[in-house]
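4 protein chains.
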Amino acid sequence: MRVSDSLFGGLFERGAADTSDEAWLRAMLDVEAALARAAERAGLAPSGSGAAVAAVARVDFFHNANLSTAAASTGNPVPALVKTLTGLLPAESAFAADAIHIGATSQDIIDTAAMLLARSSIDAIMTDLRAAAARCAGFAREHADTVMVGRTLLQQAVPVTFGLVAAGWLTEIDEARQRLHEVRTTRLAIQYGGAAGTLASLGEAGPRVAELLADELSLPAPTLPWHTNRLRVIDLAAALTGPCAALGKIARDVTLLAQTEISEVHEQAGGGSSAMPHKQNPVASVVILGCTKRAPQLLASIAAAAEQELQRAAGAWHAEWQPLSDLLRLTNSASAWSVDLLTGLRIDPLRMRANLDAGLGLPMSEHVTALLTPALGRLQAHQLVARASQRATANGINLAQALLIDPETAAKLAANQLSPDQLQTTLAPTTYLGATPHFIDRALRAHEVLEPTLAD
Amino acid sequence: MRVSDSLFGGLFERGAADTSDEAWLRAMLDVEAALARAAERAGLAPSGSGAAVAAVARVDFFHNANLSTAAASTGNPVPALVKTLTGLLPAESAFAADAIHIGATSQDIIDTAAMLLARSSIDAIMTDLRAAAARCAGFAREHADTVMVGRTLLQQAVPVTFGLVAAGWLTEIDEARQRLHEVRTTRLAIQYGGAAGTLASLGEAGPRVAELLADELSLPAPTLPWHTNRLRVIDLAAALTGPCAALGKIARDVTLLAQTEISEVHEQAGGGSSAMPHKQNPVASVVILGCTKRAPQLLASIAAAAEQELQRAAGAWHAEWQPLSDLLRLTNSASAWSVDLLTGLRIDPLRMRANLDAGLGLPMSEHVTALLTPALGRLQAHQLVARASQRATANGINLAQALLIDPETAAKLAANQLSPDQLQTTLAPTTYLGATPHFIDRALRAHEVLEPTLAD
Amino acid sequence: MRVSDSLFGGLFERGAADTSDEAWLRAMLDVEAALARAAERAGLAPSGSGAAVAAVARVDFFHNANLSTAAASTGNPVPALVKTLTGLLPAESAFAADAIHIGATSQDIIDTAAMLLARSSIDAIMTDLRAAAARCAGFAREHADTVMVGRTLLQQAVPVTFGLVAAGWLTEIDEARQRLHEVRTTRLAIQYGGAAGTLASLGEAGPRVAELLADELSLPAPTLPWHTNRLRVIDLAAALTGPCAALGKIARDVTLLAQTEISEVHEQAGGGSSAMPHKQNPVASVVILGCTKRAPQLLASIAAAAEQELQRAAGAWHAEWQPLSDLLRLTNSASAWSVDLLTGLRIDPLRMRANLDAGLGLPMSEHVTALLTPALGRLQAHQLVARASQRATANGINLAQALLIDPETAAKLAANQLSPDQLQTTLAPTTYLGATPHFIDRALRAHEVLEPTLAD
Amino acid sequence: MRVSDSLFGGLFERGAADTSDEAWLRAMLDVEAALARAAERAGLAPSGSGAAVAAVARVDFFHNANLSTAAASTGNPVPALVKTLTGLLPAESAFAADAIHIGATSQDIIDTAAMLLARSSIDAIMTDLRAAAARCAGFAREHADTVMVGRTLLQQAVPVTFGLVAAGWLTEIDEARQRLHEVRTTRLAIQYGGAAGTLASLGEAGPRVAELLADELSLPAPTLPWHTNRLRVIDLAAALTGPCAALGKIARDVTLLAQTEISEVHEQAGGGSSAMPHKQNPVASVVILGCTKRAPQLLASIAAAAEQELQRAAGAWHAEWQPLSDLLRLTNSASAWSVDLLTGLRIDPLRMRANLDAGLGLPMSEHVTALLTPALGRLQAHQLVARASQRATANGINLAQALLIDPETAAKLAANQLSPDQLQTTLAPTTYLGATPHFIDRALRAHEVLEPTLAD
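Chains as they are written, first to last, in the numbering used here: chain A, 1 to 456; chain B, 1 to 456; chain C, 1 to 456; chain D, 1 to 456.
No lab work stands behind these hints: they were computed from the structure. The C-beta atom is built at its ideal place from N, Cα and C for all residues, glycine as well. Incorrect hints may appear among the rest.
[Stated by the list, open to error] Anything over 12 Å on all C-beta distances counts as not near chain D; from chain A, calculated:
{"id": "1", "residue": "G10"}
{"id": "2", "residue": "G203"}
{"id": "3", "residue": "N395"}
[Claimed, not checked] So the derived list for chain A, only partly shown, Cβ under 7 Å to chain C, looks like this:
{"id": "4", "residue": "M276"}
{"id": "5", "residue": "E366"}
{"id": "6", "residue": "V449"}
{"id": "7", "residue": "T453"}
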């Protein structure tokens with residue numbers, strides 16, 4: 001775990017990905033160095049130029065504060081970075097100066113650097129998500145038969161198992177992983193177009209240098225420079241929103257299941273309170289939600305920035321940089337937290353069963369209705385059970401008892417050979433799990449099929 | 001073109017897709033009818049049930065106002081729709097009642113209906129986008145050599161061709177099409193899980209009915225019901241944001257190039273003004289922007305709604321329906337408008353050339369600098385040209401003249417065998433187009449490769 | 001209650017406000033009629049012109065579909081509306097033609113119409129919010145002493161009363177009402193500037209006509225036309241987000257307190273389920289959340305549209321209309337639902353007490369710690385109570401018992417004259433309500449002070 | 001100007017406001033020190049406690065990294081900060097330990113610290129906005145008569161003056177200032193409620209301590225603690241969006257008016273390009289847009305976070321902190337940049353006039369139509385002028401000439417005593433400025449009235 005130096009870094013910058021300003025600087029220098037090597041390979045710069053530039057393209061030779069000040073007069077830090085980089089060449093490497101920034105515009109450097117940051121951040125996120133998915137798969141297997149009540153609109157509905165809940169979490173994480181993997185392998189690309197996307201200053205050599213630059217950075221070369229075609233960035237941002245959606249849903253579920261009155265799951269290390277000694281706050285879930293709730297608006301910021309003018313934009317491009325950094329960082333933070341959350345999550349099957357039983361059989365009302373329907377018709381069955389449900393709640397008796405306590409209903413059931421034993425059996429949650437095992441199997445099988453495809 | 005009955009429909013509901021409330025009702029009825037057929041095929045309902053239900057699942061048998069009123073007591077219109085549907089069965093088809101809504105919860109019907117609306121809307125959008133892309137490809141070919149000035153940060157920069165501009169538009173539309181096609185074929189799916197995603201009321205038969213329902217609707221069956229896994233909806237919304245981004249960029253470019261002072265392109269049917277007889281407003285572009293500017297926030301609404309509780313959500317799901325409808329409709333409207341815009345777009349190569357020439361050779365300053373650099377070094381060359389650029393602007397002379405008018409510079413050039421003729425030649429825009437033809441070719445080739453893959 | 005004809009209108013269009021396309025048309029015609037009267041009063045049109053125009057400016061003389069089709073060639077429906085309106089003048093009123101649309105541009109009509117819709121919608125919203133606030137005030141008074149457990153991070157924390165909860169709801173609604181009232185009285189205004197905000201076609205008479213138009217519509221005249229200054233619209237949208245935030249919070253609280261396992265409050269008319277006869281869904285809360293969750297993004301759409309070009313915008317203005325309509329309608333729908341929700345809300349004081357008691361005294365842990373601190377120091381007191389809290393939970397005994405069951409702790413307490421009776425007394429929730437009555441009083445007093453100021 | 005140490009700080013952190021993590025730490029310590037003083041004044045802590053705590057509540061005694069790490073186990077940095085603060089008390093000040101954090105919960109400290117940061121940031125923003133408004137007022141006066149063409153939908157429309165443009169900018173900035181001032185004086189407030197908003201640990205003394213804390217910090221005490229009533233934060237965020245909207249509009253206008261082909265205004269220090277020596281990029285405008293384009297989504301993030309559960313929220317509150325910091329910082333950065341932009345903005349009246357004249361009189365078409373209407377009727381006049389406008393553009397002659405060149409039209413005009421001289425006079429832009437001077441006066445007067453009200 002990399003904890004940044006910042007006050008809130010332990011919360012919002014958890015995870016191995018680095019999107020700090022220093023990381024941006026390093027990425028930009030990596031791009032400049034790669035470009036110099038590419039120029040050399042293309043025969044546009046003397047032999048040794050690439051190595052000479054790489055030797056001085058080191059973060060510790062630069063001062064962010066100076067670059068930042070200079071950026072104010074050009075609108076971005078690249079011109080100052082290029083000037084500094086050139087000045088750093090020792091006399092014996094002066095020949096390499098022409099290789100620096102050759103053919104490029106500032107946006108080429110910043111966009112390509114953003115792709116490098118995105119790639120390393122995605123790798124960190126994918127590592128975390130794999131661990132989170134594995135833990136969900138474990139839960140799905142271990143708790144395939146752990147019965148609990150399903151809740152819809154926050155009301156007890158019908159039985160499910162915790163394994164099915166975990167299978168749902170697994171499937172969502174896996175779908176998010178699959179898309180993120182696709183974007184990482186097909187939508188990241190170098191940016192290299194020069195002033196207006198023609199690479200004019202390189203004459204005929206432009207496309208060749210572009211290919212070599214792509215090779216140096218192990219990134220694809222795009223069909224065209226994408227200075228004002230921002231679909232790659234939108235695709236990236238949308239793919240990052242996937243894990244945020246999945247993890248936000250899981251964290252929301254955990255906060256609900258961990259409520260004092262429900263207590264079906266607990267975070268391992270519940271957060272204490274300085275004032276209230278008894279408190280066990282679901283800290284990981286809360287912080288995950290603190291990260292994931294921001295993703296939709298960061299995505300919107302990036303999507304809104306896509307309306308970029310002509311050959312290079314006047315403002316919208318600048319509005320992308322920090323939201324993209326934020327989204328990479330927060331997605332990684334949420335995914336890193338989710339590993340802790342899921343690894344440490346304690347499941348309480350007894351409490352799950354107790355909460356279900358406390359429902360007085362009402363979560364089986366659909367099942368009971370099905371039992372009565374052939375004899376009484378759907379409408380009458382529904383009405384009898386609805387009224388019995390109210391009696392059950394009012395009197396603290398279970399649904400079977402509440403049906404039988406009403407003489408008229410009891411007579412009707414008896415007349416139709418529906419015995420009290422049958423009623424009681426129908427209230428057993430395990431008799432009403434439907435396709436639960438089937439769905440858990442499907443989720444696990446899909447996970448097994450997916451896993452190796454993400455390894456490449 | 002379908003123009004809705006609404007006041008603003010001509011603007012924001014252009015396009016063949018129908019996401020009206022009537023279309024929603026029709027889609028819900030289609031799902032109920034398909035479900036009845038699936039139940040019959042699975043042996044859960046008497047032969048003829050499917051046909052009997054389909055016979056009454058007709059929009060004109062229902063009143064939206066009644067369903068809407070009833071929806072207020074259940075939170076959605078499906079229970080009232082089911083009740084009405086059942087009541088519509090004639091006596092001789094009463095046997096089919098059990099097939100209606102079998103195993104389903106309201107969300108199953110609404111989510112699957114949303115997928116049907118999405119599918120038909122995407123088809124309409126794709127048809128429009130194909131036409132738009134074809135027109136861009138036409139422009140890319142026809143105007144491959146039509147020189148114009150490239151503009152960055154809204155300032156004249158270096159030459160490009162209009163063919164390259166159109167190739168950029170083409171590539172962005174094509175990328176958006178490709179993703180939308182992927183989502184249409186891989187991410188739409190039926191929703192069918194019953195009360196809490198277990199299909200419990202169907203016992204063992206649930207998965208089989210799900211498969212048959214999927215078959216009836218020609219939609220995939222998902223790994224699991226996705227009641228509170230909303231990644232499909234996010235993927236769909238994100239894929240719709242793609243064409244909006246592409247078309248918004250094109251419309252922004254057109255409004256800029258059509259400015260009175262630039263006048264390089266014109267919409268065929270410029271919109272008149274009741275007050276100003278001379279006005280030729282870029283109406284199509286303006287309305288496209290009026291559609292596309294809303295996409296990022298609609299996407300954010302949908303992404304934010306993904307934090308859904310436990311087995312079915314208390315509020316967030318309801319917040320998805322209208323934003324998804326809006327996004328489908330606006331994307332289709334923008335794409336329909338774009339066909340008109342691009343089909344009618346008039347290009348003015350003479351004006352493009354005139355605007356470039358009015359730049360006094362300044363857009364070639366990078367080229368001139370490159371000419372001087374071998375002799376003078378990059379720094380001195382840059383300074384001489386920067387100062388000459390100011391002289392050119394101040395005096396209305398071209399950049400070559402502005403260099404030569406300064407005696408000191410003229411002497412320096414002469415001393416280095418840099419002739420006035422060479423300078424003037426360097427100012428010819430066609431000498432500084434770099435990889436422009438190469439990039440246009442790449443875009444056209446990628447388009448040709450893509451096209452057949454979208455046909456299935 | 002106005003239920004629209006639409007399928008979802010019962011959910012999302014509840015409330016008296018009308019923002020339909022017909023309402024827009026009516027508002028535009030009202031503006032045109034008012035303008036004709038203003039022109040007559042200013043001496044720019046013959047006597048009787050205003051009445052003649054008003055006589056034909058009737059919704060039933062217009063067809064939205066025709067206007068919508070025509071709008072496609074001008075980018076908005078006003079030119080066609082003006083033409084139709086002029087054509088409707090009977091021969092004897094032909095003299096009034098010059099008064100129609102005098103001095104105006106289309107945006108003048110649409111913006112002013114939007115202000116009229118906003119005003120009537122706000123009035124409807126304010127009526128609902130007054131009722132909602134009154135009910136909250138009633139709860140605050142009636143349940144000032146109804147003890148329940150306060151919950152933080154969804155965990156039981158310390159006692160509060162339901163009266164305090166309701167006082168919090170009241171205060172938030174009242175703050176929202178105050179701001180909405182301010183915006184209604186100070187930020188709505190006519191729009192009247194002509195083609196580029198100079199009213200040039202009226203010569204010197206422009207400002208006088210503007211004043212008269214404002215007088216006709218009972219709206220303020222702004223300092224300047226605000227064609228591309230959209231702060232009014234942002235202020236309006238932000239003020240509408242206030243009630244949405246307040247009501248969304250209340251609805252969220254109700255869904256949580258109404259959970260089966262908590263059951264402290266219930267909606268009067270719990271929504272049934274077609275499948276599950278026992279279900280009592282919190283429909284009003286769920287639909288309120290379905291409305292309020294969309295407000296932030298609609299606000300963002302409107303705020304993002306403020307970057308409008310020069311004298312009148314190319315796209316951004318068009319992107320405002322529907323989001324503003326949506327926001328007015330959804331805010332009204334949420335406020336209308338909230339009246340039902342709060343009017344029918346049933347409070348269960350016994351269950352509140354039972355849930356608190358089920359906490360085994362842990363919600364009083366802070367209080368117990370305070371009792372022990374003088375003798376043992378804060379740190380040791382905290383540790384003893386923290387450990388006892390775990391024992392209490394593990395063994396199902398209350399916190400006092402859990403302290404005394406540990407011999408070492410018991411000895412320490414005895415040595416410090418801390419008796420078991422004192423401990424038990426400290427566990428009484430009513431001894432630990434702090435400023436609760438004070439805060440309830442403050443909220444009620446603030447409400448009483450506010451109420452008359454909103455009446456004007 | 002404070003330029004942060006970060007790579008992009010020169011762009012996005014310009015302005016005197018400090019919202020860094022260090023500033024957050026300082027603000028939290030200021031709150032804790034003020035609380036200790038308040039406790040002492042309330043008689044709840046020994047004399048000297050406030051001073052003793054203040055003596056150690058110094059930023060340089062704390063390490064953000066340590067607090068950040070500790071925050072990961074409690075969900076926020078306050079518990080660790082309190083522990084460290086207590087530990088820092090020297091032996092002779094040990095008595096002050098009980099005053100530390102008395103009655104408070106972590107959220108009390110963080111929310112109040114946020115209000116302190118907001119206040120100081122608003123002060124910095126208001127200082128910048130005053131300077132920006134003053135410069136706009138200067139432009140409005142100096143260029144009241146500087147005629148230029150007004151542009152609608154990016155097309156030349158009718159004449160305005162640059163003074164009127166600047167008056168529009170002024171009015172929008174002033175409206176934004178007024179609202180920001182209101183929020184600063186009426187909506188910022190301390191947060192102080194303890195664990196669940198009852199201040200229970202202080203018994204009866206809670207409200208008195210709250211008052212004293214408010215006094216210490218010169219912030220109002222609210223009606224109630226606002227732990228889960230987030231309207232204050234929404235109001236603050238919305239008020240910050242105001243200047244962003246105003247400055248974004250101005251920056252957009254400048255980028256458009258500074259286009260090479262229009263060149264009516266220029267930024268003083270146009271940003272150079274490393275590649276293109278002639279470039280003069282509108283850097284300030286571009287960076288302002290890079291800031292302001294993010295405001296709507298940050299506002300949406302904050303508004304979406306308002307749905308907070310019960311007594312304190314599980315996630316949504318955490319999602320507020322960084323968006324609020326970002327919005328304060330970016331608003332300040334945009335306002336600081338706007339001072340540079342407006343101070344250095346060079347206006348080119350000759351070019352304005354030339355661009356208007358290049359319009360061939362078409363921007364006067366409305367005026368010409370008005371001249372012809374009494375004789376020919378509105379419809380025929382409009383048609384003649386529309387056709388003449390096309391002839392003018394096609395032949396490069398002015399609108400009067402284009403009317404007269406058509407024999408039929410010329411005859412018609414002559415028959416109606418409409419002389420060529422009259423036509424030419426009608427083409428003079430200064431004859432068609434309407435209420436321009438009146439509106440400029442109104443804006444300046446409103447500015448003068450506003451200014452002193454913002455001084456308190």
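How the hints compare with the structure:
Non-interface call for G10(A) relative to chain D: violated, since the shortest CB-CB distance, roughly 4 Å, does not exceed 12 Å. Here G203(A) stays apart from chain D, with its beta-carbon at least about 15 Å from theirs, past the 12 Å limit. With a least CB separation of 30 Å from chain D, N395(A) remains clear of the 12 Å interface cut-off, as annotated. Interface hint at M276(A): satisfied, since its Cβ lies 5 Å from the closest Cβ of chain C, which is below the 7 Å cut-off.
Hint status for E366(A) relative to chain C: holds, with the closest Cβ pair at about 5 Å, below 7 Å. For V449(A), the interface hint is violated, since its Cβ never comes within 7 Å of a Cβ in chain C; the closest pair sits about 33 Å apart. A distance limit of 7 Å between C-beta atoms decides the matter here; for T453(A) the minimum to chain C is near 35 Å, and the interface restraint is violated.
Hint compliance for this structure: hints 1, 6 and 7 are broken, all remaining hints hold.
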